[in-house]
Structure formats: structure tokens, C-alpha cells
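Participant: Listed below are the residues making up each chain.
Protein chains: 2
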Amino acid sequence: MSLQPLIRVYRNELLENVIPFWEKHSVDTRNGGFWNCLDRDGSRYDTRKYMWLNGRQTWMFSKLYRTVEARPAWLDIARNGADFLLEKARNADNRVYFSMTEDGKPVQLQRKIFSECFWIMALAEFARASGEERYLKEAKAMLERVWDWSSDLTKVGRPSYSGETPAQSLAIPMILLNLIEEVAGDDRDAYRVEVEECIRRMLLHVHEDTQTVFEIVTPDGQPIHSAEGRVLNPGHAIEAGWFLQHWATHLNRPDLSQTAVNMVRWSYRRGWDPEYGGIFYFLDSEGYSPVQLEWDMKLWWPHCEALYAHLLNYSITGDQSDLDDFMQVHEYSFRHFSDPEYGEWFGYLNRRGEVTHRFKGGPYKGCFHVPRALLLVWKKLETMHTPTSV
Amino acid sequence: MSLQPLIRVYRNELLENVIPFWEKHSVDTRNGGFWNCLDRDGSRYDTRKYMWLNGRQTWMFSKLYRTVEARPAWLDIARNGADFLLEKARNADNRVYFSMTEDGKPVQLQRKIFSECFWIMALAEFARASGEERYLKEAKAMLERVWDWSSDLTKVGRPSYSGETPAQSLAIPMILLNLIEEVAGDDRDAYRVEVEECIRRMLLHVHEDTQTVFEIVTPDGQPIHSAEGRVLNPGHAIEAGWFLQHWATHLNRPDLSQTAVNMVRWSYRRGWDPEYGGIFYFLDSEGYSPVQLEWDMKLWWPHCEALYAHLLNYSITGDQSDLDDFMQVHEYSFRHFSDPEYGEWFGYLNRRGEVTHRFKGGPYKGCFHVPRALLLVWKKLETMHTPTSV
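Same order as they appear, the protein sequences are chains R and F.
Mind the numbering: the first sequence is residues 35 to 424 in the working numbering, read in order.
Mind the numbering: the second sequence is residues 35 to 424 in the working numbering, read in order.
There may be inaccurate statements among the hints.
Heads up, the list lumps identical chains together, so a pair's fine if it works in one copy or across two of them.
Here are the computed lysine-lysine pairs in the BS3-like style, where the Cα-Cα straight-line distance is at most 30 Å [unchecked claim]:
#1 K58 <-> K139
#2 K414 <-> K122
#3 K174 <-> K414
Hint data in this document are derived by calculation from the structure and do not stem from the laboratory.
Please work from the sequences and hints to get the whole structure.
Facilitator: So this is what it looks like as C-alpha cells:
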């Protein structure tokens, strides 16, 4: 089988099935910003706006404009998000709200840095798409603040108690590494120290001896012997793998590249459900029953991450096993998540692969993982030229 | 069919299957308090202690000692919990931690009042079991504080934002009503004003026109038109129903009693899964897809609440339909949740009724809903004497 025909599959899924859904249903031109709670057919079941998703959608349309086609409508949509984020989404301390009313009144602020991270991604990419430098300046200023906060989350109001096990979380260095890639653009040397620090911290989570990528570890990288310490989130580790792979490539470091390949392979093989297919949401590294109620569900985003991560691996290693993994998750994803009838993908399946939540957008699902993966896979396939037989 | 044989079923399930599990596996005599994270066979998969569950287990063993049999071992277990709660579980502001290390160092504090509520329940019931008044005095002092905090959660650190819809939550008046019943004992008149206020606020959630019990409503009882406002939690509404029924009986108010009967019937019938049986965890009042990932799971506690609530209804109304509902949930629960092999009940099933989480105790499941329901049903059956045919 040649991979060539898949170029059209991914392009069409992105441009004809997924992006039109968001263009048509999510854009609030009156208030600015994007509605996120969209039912299967795109109708709104709630008007609240989630800033993670407003940031991510702004990033996505800016990226499409810049890398697919300079459609004025896409830039308008991106601007609709960027200006809402810039003008309404921050409080006086430069914290970004988690959720807001549709007209931009605050509803919720998290004691986490992720709203700020997606705000940065959005403004950096919009600056490049629009050519308006002031957005990049804002993004860089916020990145400096987030870098500072990330080393001590009490700065964003997180309390600290004497019984807590000192721990560091994979989520922080991995999102910062991806953010730096987005903000730096071609000027990667500007963040050399920060990049090395993120890589150092990410590698603490990668345990070769047990082929495990832990979500949290002690500050010197030891496993934490508790239910929390044993949590595996295969989709998250797979995503971390391709974030790291990008930097391994930029920095031309084959050892780091091999580690990134391993992160994806180990996490995927441990996370794949041998009985019903699909990637589990959470596992326990010692095989205990995870405490998360949704542990055995199959979510759209780990599959999106795996699509690109496997293909990226394959493009580097040429190993048949990486291609097989890509094809396995490709087939599972298009069969279970895609919705040709109304566009976009379903987000939530039970263990057996049955759709449990009919909506396309919700508080944590927006215009991001599906179109990002489709775009990345499409563009990667185009660079791979040579037809490959399986 | 006579209900008479069920007296033995419930008594045996409580005293031979459920309570021995907790006696054997949960009691930390060295540090005091109870371990909560217990695998199917009772082995510990985590040592963290959860104060909701430490409070509830202390209450349970005190109640068993006082109403089933004055076994010294039960009072010892209750004291093991009560003293941990009294000596270790509070901070300097009299807030009760959500979780702690096994030796009593704080790990997490919620911006909610529920840890304090279960602390109060525990100490009040232990005071009665032990005859030691000082525990009751502590419980009453905490109840005063919680009453004050409950009217304005910013007092426990909950932030407030301009975009929030003013709302009141069913959880607060219902837990306070139950707490007052526990703390007041026979001296019910001492809290007359507070009881009336709790009843007034609970009734705002009960909408006769649509036969709906909302989790949150506006302060004057109107439905809130958002995904959050449409949330139904049938098990919670069923529990609220029997809490209210107890007061309707104490106060001899037939209208209130009928409302309490309705709360249970409406919520159960809307919550019952016609396809696979069992009570859904969450629903949307307008039939949208709930945003909670676990909405279609079948949890142990709504079924425990329904067991007692239906039987209580039947003991009041004599209606065959209440008895049918009781028998339906009885059969479902004993078939799916009970674990004669290792004791206690499983907590989490998928929509089809398959066990998804093998542990018996976790951060939110302890020695409480199962034994409380078994005890309440057993004792209620004993008062109902007359064999009934179905």
C-alpha cells in the first residue's frame, strides 16, 4: 500500500469535514471570540467561552492562513479570537481566565498556567499570520511571566501543604517546549537555555528500565509510590514524544530523537486496548485499577496525537512497526471518531468504541487536536514522497 | 412475596459481607484514622487518608455500636477515627482538610464545606456512642461555623467573578438538613429556624411542572439555562428526598412528605436506564449530551440511596409502585455491586453494568453508603412487620 492516497484523505478531512464545522458554528462576530459548546450538528447548547479553546482555535486559523492558504476569511476568524483574548481574557495580574460569559465577563480562573499557555500560542501565531508585531510582543511578555510562574505554582495561587510529595509534572515542561517552538519561530537560539531546561525536566519522566513515561516524578526523577505517582496518560506521553522529537530534529540530536521515538512507542503499546482497540485514557503503571472514573474511555485527542507521532516516527526511523502503528490508529480513528454527516469528530467513546457524548465541542474539546493532527499528518505525508508498501 | 426474608438478607450483607471488610483492612491503629484506598481484596494501593471518608466511617461504626450492638471493637474503631479527626484533621482556621498523609500531614484543602460536614457527623454520633459530651460540643461548634460559611463560600476561599450566574446548590441545604438531624438527636427544636431555612431552600430545587429536581437554581428558584443549570444527578436528588422525608415525618407535615416522595419517584424514573438498567450518574434536563465524561456510569451510591428511599416511600404510601421500584433496584444492586468473595461492594460499573474499577475503597468511596443503606433498609423492614404480597 502506498501512503500517497492518504494525502488527499487528510487534506479533505481537514478542509471539507472539520474546518467548515468551526467556521460555520463557532464564530461570535458580535462579541468576538468563539463559542465552544456545540452539539453534534453545531447548534449551541451553552454560550460559555473557554479560553483554552479560544486560544487554540485562534492558533489553528492563524496556522491555516499561514501554511495552507491565505484566505482572508481565515485571518478574520483568527483576529476575532486574538482580539477577544487580548482585550477581554486577562485580569489585572495578567492571569488569563479559564472561562467567561459570551460577552467576556469572567466566570472561572484556574490555579494553573494552561490558559496563559494557549493565549501565548494564539497571539504568537496570529502575529505571524497577520504580520502585526504587537501580538508577538504580547505573547513574548506573557511567556516570560509563565516561565516564572511555572517554577512555583504558588505564584498563581496554588496552595502548598506539608504532606504533599515534592513532584514535578510532565505537563509543564512539555507545554513550555511546544510554546517556545511556537513563539520562537525561526529564532530558536533566543530560548536556548529554556529549551535545555525543558528537555532536562521532560527526560526525568522517561524511565528506560521499565519503558514507562510517568506523569509526575520527584524533582530528581524518581517514581512516586502512590496512586497519583503511578498514573499513566498514554496520549499525553505520546504528545510529549512528538514535541520532543521536533526539538531533537531542530537541535540535530540523534539520541534525543531515539528517546522521543521510544516515548511514543512505549506509551502507545501500553495504552492500546488489546480487547476493543483504541487508546485508554489513564492506566496505573503497576496494573492497579486507576481511580479516574473515565480511565477506560477512548478520547479523540490521544488518537490525534498518536496519528502524527507514529507518522513522524516512521518518517525518521523507516521502521515498519511505526507504520503499522500509524495505520492501526488511522483506521480506528476514522472509523470511530469522524462524522461525515455533520463534520468534526466525536470526542468521547466508551471502551467498546461506542459514542457516549454526541457533542462536537465542549469545555475541553474545541477546534484544535483534530485539525492540528490532520494538518500535521497531511503536511508530513507530502514531505515523505516515496510510496511505501506494507 | 413477603418482605420478611429480606430482613435477613440485609442484616447478613451488612454484618457478614460489608462491615468485616472495613474492620479487617481499613483501621490504622498506629497513626489513628482509616486507610481508604483498598483494592478488591482489601490490600492497600495507596496510604493517603481522605477526611470525607474518615468522618463517614467514624459515624458508621458509632451508629452500629449505638443501634445494632454495643461491641467494644466497634467503639474502638469509631474512636480511632474520631480522635484522628479531632486531633489532626483541622487547620488553624478550623477548616478540615480533604486529604492527609497516613500520619496526618495535610495534602489538600477544598474550597467547599463537605469535609467539615462529615467531621461534624462523625463527632456527633461518636459522642452519643461513647457518652463523651466533649465530642458533641466540638461538633456543635463546627456546625455553627459551617452554617455561617455555607451562606457565603468566599469565606472558605471560593473566589467570585462578575460573570457567574447567581446560583444556589442543592448539596448545601440537603447536607445541612441531614447534619442537623444527626447533631440534634432528640433535641430537634433547638434548630427549628435552621431546619425551616434548609427546607425552604431545598424546595426551590423541586419543580412540579416538569417533575424535575435541579442541582442548581437561581436564588429564587428559577432554572438556569446553561449546561451547568441543566445538570441532573438522580442519585443525589433521591438522597435529598429521603433526607427531607425524615424531617417531614419529624414535623408531621403530609404535604412535605408528598413532595419528598415525589423527589424520589421523579428522579428515579428519569434516572433509570431503560436499556441496561441501573441509575445514570448525570443527565441533562433538556436531553442534551451531558458534559461529564462519566455520565452514563452506574455508581454504587445512587443505588444505595434509592434502596432506602423507595422502601421509605413504600412504608409511607403503601403504593405498589414504590415497592416495585425498591425491588428493581434491590435486584440490580445485589446482582451487580455485591462481592461475596472479598466483601464490600464494587463502586463503579459501565453503562452495561460491567465492573470497571475493581477497588472497594478510593478517594470518594469508603465505609458509608453501602453500610448506611443496608442498616437503614434492614431496620425499616423490621418496623414494617406485615408480610406483603406482590
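Participant: Confirm or reject each hint.
Facilitator: Here is how each hint holds up against the structure:
no.: 1; hint: K58 <-> K139; in the structure: within (24 Å within a copy, 53 Å between copies)
no.: 2; hint: K414 <-> K122; in the structure: neither (36 Å within a copy, 57 Å between copies)
no.: 3; hint: K174 <-> K414; in the structure: within (28 Å within a copy, 67 Å between copies)
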